[in-house]
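Let the sequences and hints guide you as you build the complete structure.
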Amino acid sequence: MPDPLLPPPLRSESMTLNLGPQHPSTHGVLRLVLELDGETILRATPDIGYLHTGIEKNAEKLFYSQVIPLTDRIDYVAPLSNNLVYCLAVEKLLQLEVPPRAQWIRVLLTELTRINNHLVWLGTCALEIGAMSIFLYCFREREEILKVFEAVSGQRMMCSYFRIGGLAGPIPLDFHHQLDLLLKILPERFDEYEELLSQNRIWLGRTRGVGVLTPEDALAYSISGPNLRASGIAHDLRKAEPYSGYENFDFDVPVRQEGDVYARYLVRMEEMRQSVRIIHQALEGLPEGPFIANAPGIVLPDRDTMKTQMEALIFHFKLVVDGFAPPAGEVYLPIESPKGELGCYLVSDGSPRPWRMRWRGPSLLNVQVLSKLLPGHMIADAIAIIASIDFVLGEVDR
Amino acid sequence: MTCPSELADRLVIRKLQSFHPRALQAASEFRGQLIGVVSAALIRDICDFLRSDPELRFDFLVDLTAVDRYPVEPRFEIVYLLRSMKTGQRLCLKAPLTGKDPRIDSLVPLWPAADMLEREVFDLFGVHFTGHPGLRRIQMPDDWQGHPLRKDYPLEGDR
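Just so you know, the sequences run in chain order W and A. Number 160 in our numbering belongs to position 159 of the first sequence; there are no gaps in the numbering. Number 1071 in our numbering belongs to position 44 of the second sequence; there are no gaps in the numbering.
Treat the hints loosely; a few may be bogus.
Simulated crosslink set (DSBU-like; lysine-lysine; CA at most 35 angstroms straight-line) [stated by the list, open to error]:
| # | chain 1 | residue 1 | chain 2 | residue 2 |
| --- | --- | --- | --- | --- |
| 1 | A | K1042 | W | K62 |
| 2 | A | K1127 | A | K1042 |
| 3 | W | K319 | A | K1178 |
| 4 | W | K62 | A | K1121 |
DEER-style ranges, computed between Cβ atoms [unchecked claim]:
| # | chain 1 | residue 1 | chain 2 | residue 2 | range |
| --- | --- | --- | --- | --- | --- |
| 5 | A | P1136 | W | E40 | 30 to 36 angstroms |
| 6 | W | R190 | A | K1113 | 37 to 43 angstroms |
| 7 | A | Y1180 | W | E195 | 29 to 35 angstroms |
| 8 | W | N19 | A | Y1180 | 29 to 35 angstroms |
| 9 | A | H1047 | W | G210 | 41 to 47 angstroms |
| 10 | W | P10 | A | K1113 | 40 to 46 angstroms |
| 11 | W | A241 | A | L1182 | 34 to 40 angstroms |
| 12 | W | V322 | A | T1114 | 42 to 48 angstroms |
| 13 | W | L184 | A | Q1052 | 28 to 34 angstroms |
| 14 | A | S1032 | W | A152 | 51 to 57 angstroms |
| 15 | A | G1161 | W | G131 | 32 to 38 angstroms |
If you are wondering where the hints come from, they were derived from the structure by calculation, not from laboratory data. Treat the numbers as computed from the prediction; the structure is a model and nothing was measured. Quick reminder that beta carbons are idealized off the backbone N, C-alpha and C, glycines included.
Written as C-alpha cells, this is what we have:
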C-alpha cells in the first residue's frame, strides 16, 4: 500500500513537439515531429512535401533542351551541378561528345559551385550552433563566387549555363583575371574560418561525438557524398566513375572516421581546399577550341552562321519548333554533387520529350537519415545534427 | 527468357538464373548499363540475394522509382538502381506491374533507405508496397485525389 504521507508517484509520458516548418534551423519548410522524454528525443519523423513543385511531371511536357532551366530550381544552392547532371544524361542518351574546353569549364564551374554550396552550408551550420560572424564571412565570400557566375552566365543563382553538347556561350574575356583574384583570397579565408572554429571549445563541445553516423548505417540509408566520407568510407564518384574529364585532375578525397558533426565539418572544409586545387589546374590547362559540340540537329547553330547559311537557319527553326528526338532507351547518370550522389534517370521513347525524368537527389536521403540520427540526443544537439547533414528542401520535394 | 547471347555469360545474369528459374525475365544493355527485367513477385528475394551474395554484393540502393508505360500493359515498371560498394558495378532492375491494383513487396526490411522512396512512388504513381511500415502520401497533401506522375493524370486542366 502506498505511504499516505508521501506524494503520489510522478506519472510521466512522452511529449510530441513540432520542430518546424517555421523553425529557422530547418532551412525552409521541413517539419520534424519529435517525441520527447523531457529534453531527450525518443523518435523523430521528418515530414516533407511543402515545396513539391512537380518538376519531374513538368519535364515530361518539354523538349529535352527546355528542361535545363527547371533543373536549376531543384537544388538552388548548387544550380550548375544540376545543369551538369542533366546535360550529361542527355549526352549519354545521344552519345554526344563534348569538346574538351567545355568539359574543363564545366569542371571548373561545378567546383566553384561546390565551394559556394559548402560556404552556404558552413555559414548556416555555424549560425545555428551560435557563431553569427562565420555566417556573415561565408556569405561575403559566396558573393564573390556569385559575381563570377553572373559574369559567365548573366545570372547569379539560376545560371542555366550548360547546354546539351557544351556551354551556352564563351567565357568572358576577363574570366582568368576575375578567378585569379578569387582563388587568391579563398584559401586565406578558409584558414580564417578554421582559426575561428576548429579549435574553438564551444564548437568542439557542440560538434564532437554528436550525431554519429556509423558506416553500416550510412550505407543502409543510402547516404553519399561528404556525409559518407565523414563516416569513414572513401567513396567519391569523381574518382570512382569519372565524368566530364575528372580523370585528368589531381585531387585528394578527404575522409574522416568519426562520423560525427565535427567530422562532417572537417571533410567539407578540406573539400573546399581541394576544389580550389582543381580550379587552379582547370585554369592552367584550359584547352582551346569550341565551347559547344558541332552537332547539327541537336545544338543550335550560332547566330552568325544562322544569318548567312540557309541550312543553319533551317536547323535552327526545326530545333526550336520540333526539338530533337534521342533513340528510345534509358540511362542513369550520377555525378558527385556537393551534397552527394546526384543522379538523373532518363527514359526516352524516341520522341522529342523525355518520357520520364527522375531526379535522384541526395537531399531526400539525407533528410531521411535524421530519423536514425536524432533519437537519444537532446533538442539542442538536434539543431546541430540537422545543420550538419546538408540538404536543400527544393531538392527534397522537387 | 530473352537475353542477347553476349550478355548470357555475365556473372550477375548467371547467378540470377541459378538463383531462381523465374527470377530473370529479360536482360539487355543500353549505353553500357545492364538492365534486368525481373519477376515482381520475387523482388524482395532477388534483392536480398543480390545484396548478400559474396561475389556480387549489390549492397547500396541508389534509387527506387517507377515508370508509367500507359497505355501499354503491364503498365508500371518499378525501377531499382543498385550499386556494389565492393566492385563498383551498377545494376538496373525493372519489375513490371499491371495497372489494375499494382502491388509489390516493400524493400524496407532490406534497406531502410527505401522507406521514403517507396512512399514517393506510392504517392505519385499509386503503387502499393506490401510490408511497408508507414505507407502514406509524402509530397501531395493527405487528402489528394489521384497520382500525379501517372500518364493519364493531366498536367493542367480538369482531372
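Output the numbers, in ascending order, of every earlier hint that fails for this structure.
-> Structure breaks hints 1, 7, 10 and 13.
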